[in-house]
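There are 2 protein chains.
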Amino acid sequence: MIFVMEFKVLKTDGSARTGLLRMARGIIHTPAFMPVGTNATVKAMTPEEMKEIGAEIILGNTYHLSLRPGHEIIRSVGGLHRFMNWDRPILTDSGGFQVYSLSALRDIEAEGVHFKSHVDGSMHFIGPAEAMAIQDALGADVAMVFDDCTPYPVAHEYALESLGRTLAWARTCKNLKKEGQALFGIVQGSAYRDLRIMSIEGLREIGFDGYAVGGLSVGEPKEVMHEMIRFTGSLLPGDSPRYLMGIGDLMDVLAAVEAGFDMFDCVIPTRNARNGTLFTSIGRISIKRTEFKADEGPLDPNCGCTTCKNYSRAYLRHLFLTREILSMRLNTMHNLYFYMEFFRKMRDAVSSGTFSEFRKKWEGVIRSEPGTEEGT
Amino acid sequence: MIFVMEFKVLKTDGSARTGLLRMARGIIHTPAFMPVGTNATVKAMTPEEMKEIGAEIILGNTYHLSLRPGHEIIRSVGGLHRFMNWDRPILTDSGGFQVYSLSALRDIEAEGVHFKSHVDGSMHFIGPAEAMAIQDALGADVAMVFDDCTPYPVAHEYALESLGRTLAWARTCKNLKKEGQALFGIVQGSAYRDLRIMSIEGLREIGFDGYAVGGLSVGEPKEVMHEMIRFTGSLLPGDSPRYLMGIGDLMDVLAAVEAGFDMFDCVIPTRNARNGTLFTSIGRISIKRTEFKADEGPLDPNCGCTTCKNYSRAYLRHLFLTREILSMRLNTMHNLYFYMEFFRKMRDAVSSGTFSEFRKKWEGVIRSEPGTEEGT
Chain R
5 MIFVMEFKVL
15 KTDGSARTGL
25 LRMARGIIHT
35 PAFMPVGTNA
45 TVKAMTPEEM
55 KEIGAEIILG
65 NTYHLSLRPG
75 HEIIRSVGGL
85 HRFMNWDRPI
95 LTDSGGFQVY
105 SLSALRDIEA
115 EGVHFKSHVD
125 GSMHFIGPAE
135 AMAIQDALGA
145 DVAMVFDDCT
155 PYPVAHEYAL
165 ESLGRTLAWA
175 RTCKNLKKEG
185 QALFGIVQGS
195 AYRDLRIMSI
205 EGLREIGFDG
215 YAVGGLSVGE
225 PKEVMHEMIR
235 FTGSLLPGDS
245 PRYLMGIGDL
255 MDVLAAVEAG
265 FDMFDCVIPT
275 RNARNGTLFT
285 SIGRISIKRT
295 EFKADEGPLD
305 PNCGCTTCKN
315 YSRAYLRHLF
325 LTREILSMRL
335 NTMHNLYFYM
345 EFFRKMRDAV
355 SSGTFSEFRK
365 KWEGVIRSEP
375 GTEEGT
Chain A
5 MIFVMEFKVL
15 KTDGSARTGL
25 LRMARGIIHT
35 PAFMPVGTNA
45 TVKAMTPEEM
55 KEIGAEIILG
65 NTYHLSLRPG
75 HEIIRSVGGL
85 HRFMNWDRPI
95 LTDSGGFQVY
105 SLSALRDIEA
115 EGVHFKSHVD
125 GSMHFIGPAE
135 AMAIQDALGA
145 DVAMVFDDCT
155 PYPVAHEYAL
165 ESLGRTLAWA
175 RTCKNLKKEG
185 QALFGIVQGS
195 AYRDLRIMSI
205 EGLREIGFDG
215 YAVGGLSVGE
225 PKEVMHEMIR
235 FTGSLLPGDS
245 PRYLMGIGDL
255 MDVLAAVEAG
265 FDMFDCVIPT
275 RNARNGTLFT
285 SIGRISIKRT
295 EFKADEGPLD
305 PNCGCTTCKN
315 YSRAYLRHLF
325 LTREILSMRL
335 NTMHNLYFYM
345 EFFRKMRDAV
355 SSGTFSEFRK
365 KWEGVIRSEP
375 GTEEGT
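The listed protein sequences derive, respectively, from chains R and A. For any residue, its number in the working numbering is found by taking its place in the first sequence, counting from 1, and adding 4. For any residue, its number in the working numbering is found by taking its place in the second sequence, counting from 1, and adding 4.
One chain only, chain R, in its complex shape (with noise of 0.2 Å):
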């Protein structure tokens, strides 16, 4: 048999915990931050860079590659690790979150959605079957199910026939997994509790290497959102990977591993980076700060990373406000260095029993930042 993975609580604290996952490709210190690669690349940065920073796992997305440049081509140069040149671990999203959010128009069936596609128009289709051969051409390491995400709010009756077919497609998935691949069951149920209890025992049932929890972070308030992250990290089996998916403000990971979840994914560091927001010791700013004309002080003087070691705050906002690609280079390289510093910190708490004290800290940091409103 193929080794596919192996993952170990380390420590805990509280409901907290460390952890390794082993995988053929190398190993994911838990609680892990994945950076997102949609279209076969982190955007701004090098597989060389993202080694730099220690980024042990990145996300792929099935709906992305498969429209462009399409999984068959991606098959036949070698797959997704080849094309894009990175030799470490990489997560698929089964396509399920994109198809809801980016297509214009989307149409349910039993066996899958018929979607439009965001690049051309074109129509495609996509169902448990499509998304487990596309996340066979790319090669992921890890395969998410292919999944219904709700709206929010819906009503639990068109929750509970969605959540059907999520389950219905996660056991099509699981009787189409890979030799070598590991896949991962994502629990739906919108805001119901029932429905979340009732996802988490059909996945379970049906058994699968982790367990992603889906369909948050799509309108709901932040407290429906935390209980949720609550509730179901007090459900998932411990012994598996718990991954919450799409969630990386930081108020909202410090609740989630407090909950006791191991992974994460977001744009935020990315797409902040390229906003002018970043992330500092002190909270978000905004590089574009008028005070920052003339400051020649790092981004960051806590920050060891090659952007805060060698640029100013004045360099830094003036390749912002002239557009220039190395702006979005410098600043992307910043704000992932900080979260998977974050991370590595955090892990670091939980080890040795502070992690309350930790999230105490940067609550306090995050409620008293200067903010990311350009001054005048």
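Possibly wrong hints are sitting among the right ones.
Same chains, same names: a pair is fine if it fits in one copy or spans any two.
Claimed, not checked - Under the rule of at most 27 Å between Cα atoms (straight-line distance), these lysine-lysine pairs were calculated in the DSS-like manner:
id : residue 1 : residue 2
1  : K297      : K120
2  : K12       : K182
3  : K292      : K120
4  : K364      : K15
5  : K292      : K47
6  : K55       : K313
7  : K181      : K292
8  : K226      : K297
9  : K313      : K47
10 : K226      : K365
11 : K178      : K297
Simulated from the structure, these hints should not be mistaken for lab results. As the structure is a computational prediction, the values presented were derived from the model and not from experiment.
Based on these hints, arrange chain A on the given structure of chain R.
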């Protein structure tokens, strides 16, 4: 006396020559290609990468930097080198050409030029005194005189009048020359041989550290450009560096090196890279071409750049079509590496007395290149 620069011709092959330009911040091997860093950044590249590919000097722009972020801001944070983290020589264009080519409205007076900023439409004034003050604030290693660039075609009478201004301004610049900064004169005179002679004689009388030829590649036919390259090349002093401004098409570079020019700058490699036109050992190719869709080979098997070592044509095409930032990075890295290698091999050819073979070989490659139009 502060050491400014020393130029030594090493080898000649006909009128072509190799040389060493020693400056306080580093040695420049000539013929030299100077990548353009308009806004205090060579677009898409870090200074570390510029060093990796062997860039020994880069260009900055007086016009752009005086508008954004403002030269006094750059002075206040320690000068352009520190601002952009580049410790090798910088040559700054005086702004004469940009005022001519970029500003919507231009009003030329005896003391300088009133112009409308291409950024925000505000009115500004640059004359020789202002250009020297700006280049001093930036801390350029090589400053250029502020010149009046004429359009093509232009009446002899107007070109003569304009040349009078350019020479008067050159004298003012020389009088304001800062200790420790080299200053190059700029030859104007459009396509009129008598005016080019007059310009060169006037500049030699004033005396400069180097001599540049401007006012070409402004719309004149290639034959006229090449005739002026040969003509001015033969008249410029042989013991100083000869700089052909803004010209970097390889056919033109080959003609100019044959005519004895030593220094070049051009946005062609960087701009073409961003447009998907890539230089290779068989000529320029468009990375968009459909034939590259599933091509796992490197862009150029004869190239040693990091792009060619790590990525396939299929991947480069995909990144370009999805407009990823990494596309601009990898393409720029490749094109600049190609240029630096081209110049290195050209210097070797001059050194070994085989420049005319080198020129013939490359003219053959360029004439038979696969072309840059998109395939279907």
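Check your understanding: Which hints from the list above does the structure break, by number from lowest to highest?
Key -> Numbers 7, 8, 11 - these are the hints that the structure violates, sorted from lowest upward.
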